[in-house]
Amino acid sequence: MAQTNESSLLFDQPGPKGRRTIRIANLIAAVIFALVILMILMRLHNPPDGENQLSWELWKPALDYEAWSDFYLPGLWLTIKASVLAVIGSVLFGFIFGIGRLLPNLILRTVSGVIVEFCRAVPVLMLMIFFWRWFAFSGVSEASYWAVVLGLILYNGSVVAELIRSGVGNLPNGQREASLALGLTRTQSLMQIEVPQAVYAMLPAAVTQLVVVLKDTALGSIIMYTDLLQESRRLGSMYFNILQTLVVAAVIYFLVCFLLSHFARWLPKKMQERTAAPADFVEPVAPLAIMDPSNVNQIAVAKEVDEDKYGGAPRQYHAHHRGSNASIKHWKKTRYIQGYDRTQPDTLVDPKSLDIPEFLKPSPPHKVKGGKGKKKGNGHSKGSSDTPDKES
Amino acid sequence: MGSVLQLFSEYNIPGAFWVNIQLTLWSALFSLILGVILVVMRISPISSMRVFGRTYVEFFQNMPLTIIMVFMVLGVFAQLKLSFSTVFSVNFFWLAVVGLSLYTAAFVCESLRSGINTVPLGQAEAARALGLSFIQSASEIILPQAFRGSVAPLGNTFIALLKNSTVAAAASVATESSSLMSEMIEYHANSIVAIFLIFALGYVILVLPIGALTTFLSNKLAVRR
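From first to last, the protein sequence lines stand for chains A and B. At position 222 of the first sequence the residue is numbered 219 (my numbering), and the sequence of numbers has no breaks. Positions in the second sequence are counted from 1; adding 273 to them yields my numbering.
Do not take every clue at face value.
Distance windows between CB atoms, simulated [to be verified]:
no., chain 1, residue 1, chain 2, residue 2, range
1, A, Ala202, B, Glu398, 28 to 38 Å
2, B, Leu394, A, His259, 22 to 32 Å
3, B, Leu394, A, Thr18, 18 to 28 Å
Just a sample of chain A residues kept apart from chain B, beta carbon distances all over 10 Å, derived [as the list claims (entries may be wrong)]:
no., residue
4, Leu35
5, Tyr69
6, Trp74
7, Gly86
8, Leu103
9, Leu105
10, Ala178
11, Asp213
12, Thr214
13, Trp263
Partial list, computed: chain B residues near chain A (C-beta under 8 Å) [stated by the list, open to error]:
no., residue
14, Glu331
15, Arg421
16, Ala442
Because the hints were derived from the structure by calculation, they are not lab data. All residues carry an ideal CB built from backbone N, CA and C; glycine is no exception.
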């Protein structure tokens, strides 16, 4: 269904006439498809001077119990064995040379760069053939197995190395600048700050590379590694039904790779679910600011009061408090007292009419005595205010 | 050094590379044509075409190239008796080209699709607003820009194709480079490392300029937005 999203950009939603045209086109396509299938089946049924490829005589030995137990499953096991080892090895190789390409040391960087570029440029099959012959000459047992594994490690390892390098390259510069500013060396910054983040970013691409590894193990059949493809060829040459055994092997390869590549597509979504920073919603936490007991940046609040002069919805909390770690006990109360919270109308105070505690008032120097007079004066000045004592 | 020169005089090493280059060029041509058709199918309004395009790409992306090559020879040629020529080497060459083209077309299609994603939404919307039909907006507006945006992935696909052309060994193309290397090692086991390095460096020399050209072209052709 993701299809419709991307494709609907190019054409308008079809109307009744368009839908009819599409239906007719679908019908024609179905007929052509059926005809092609029929032609292939006819060809299979009666190839020129060959035998009927559809007869059960040929399919039975490709599908029966012995074919699975003696050929396909052992072959599949060897395929999986080689690819698992190759994946582990190529991740190790990729880490060593990917990080090596980023090190400050010029010699290490150059050497890793040359090795990685070389392994990327040389076809995997050539690497495999070379190692196979070499191991065979030096008397290594299971030469073809190790040749397959090593060839895959070198090629896919260089791909992983590039993934690490590009992952580090895509990080924001601030990461390295911050770690250097904290006094880490360039190598420490690389190993402790940059590479761990890059690994996380490259994980989906690395899983996709798994599919490539699995597909490339089939190259092993060229150098006589008894993987799934080689086993199916053997079975096919036993019963002269190579077409059928190849089809079975192809279906197995397809299923395994299909599942893996769908896992690779699913993984980043899952990781995104778990790691994405929360969307910018206003969380109901105490507005906190370090070393600010009143908890309000007064200048910001003063600006905030003017902010919605066009009559927008009043904000509930102050954006600039979010993200700090300080704590304060009576944040709600102090917030209301300062008189800007329009969501709490009964706490809304005109800042000018705010009660000022007695002891803070500048006492007139000539009226030192006369506590009553003081009280009276207070009453006079606040007479018009409808919120005389907020503090009590 | 002398032994290396002797190897060059004894075997036609540039000729083997030439076979690979020919395989690559023909397959690049055919897979490009097929890939464009596939990508048009994948974005077309007709649902059966979209399903076909997606199935094709899924199928070939999850199928090892080796098995396709083996199938071309042992299945299509040996069992179904489809052949291009009575000369065996020519026949196997074209069977390998067919296998490589079918396989690479899926990757060309995906590269072009990633190029389509670089075309801003407004372009397609403007084309529709002007009343262009699907074919018109695809061929006049979207695909030309998509091509320019997909130079880098296409270049990577063709580098992979050049390297994959060695898998033609599985389709019994005996004159290409990996088969020749195998043969040379068999008769000159002592200079195995030298032989490997000759072929490996040959590929490095072929691949690096393509990579550089790809980077240059993708910067030059990218639509500045």
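Quick check on Glu331(B) please, does its C-beta sit within 8 Å of some C-beta on chain A? Check passed: Cβ of Glu331(B) comes within 7 Å of chain A, closer than 8 Å.
If I take the minimum Cβ distance from Tyr69(A) to any residue of chain B, is it greater than 10 Å? 13 Å, holds
Taking 28 to 38 Å as the hint, is the beta-carbon distance of Ala202(A) and Glu398(B) inside that range? Check passed, 32 Å falls within 28 to 38 Å.
Quick one: work out the minimum CB distance from Trp74(A) to chain B and report holds if it exceeds 10 Å, violated otherwise. 17 Å, holds
Non-interface claim for Leu105(A), where every Cβ of chain B lies beyond 10 Å: Fine: 21 Å to the nearest Cβ keeps Leu105(A) off the interface.
Reported absence of Thr214(A) from the contact zone with chain B (all CB gaps over 10 Å): Check fails; 8 Å does not lie beyond 10 Å.
Beyond 10 Å from every Cβ of chain B: is that where the Cβ of Leu35(A) lies? 15 Å, holds
Hint check for Thr18(A) and Leu394(B) - Cβ pair distance inside 18 to 28 Å: Given range 18 to 28 Å: holds, Cβ gap about 25 Å.
Any CB of chain A closer than 8 Å to the CB of Ala442(B)? 6 Å, holds
A range of 22 to 32 Å was offered for this pair. Does it hold for the Cβ distance of Leu394(B) and His259(A)? 27 Å, holds
Leu103(A) non-interfacial with respect to chain B [C-beta, more than 10 Å]: Since the minimum Cβ distance to chain B is about 21 Å, Leu103(A) lies beyond 10 Å and the statement holds.
Against chain B, does Trp263(A) keep a CB gap of more than 10 Å to every residue? 15 Å, holds
In this structure, the earlier hints numbered 11, 12, 15 are contradicted, and the remaining ones agree with it.
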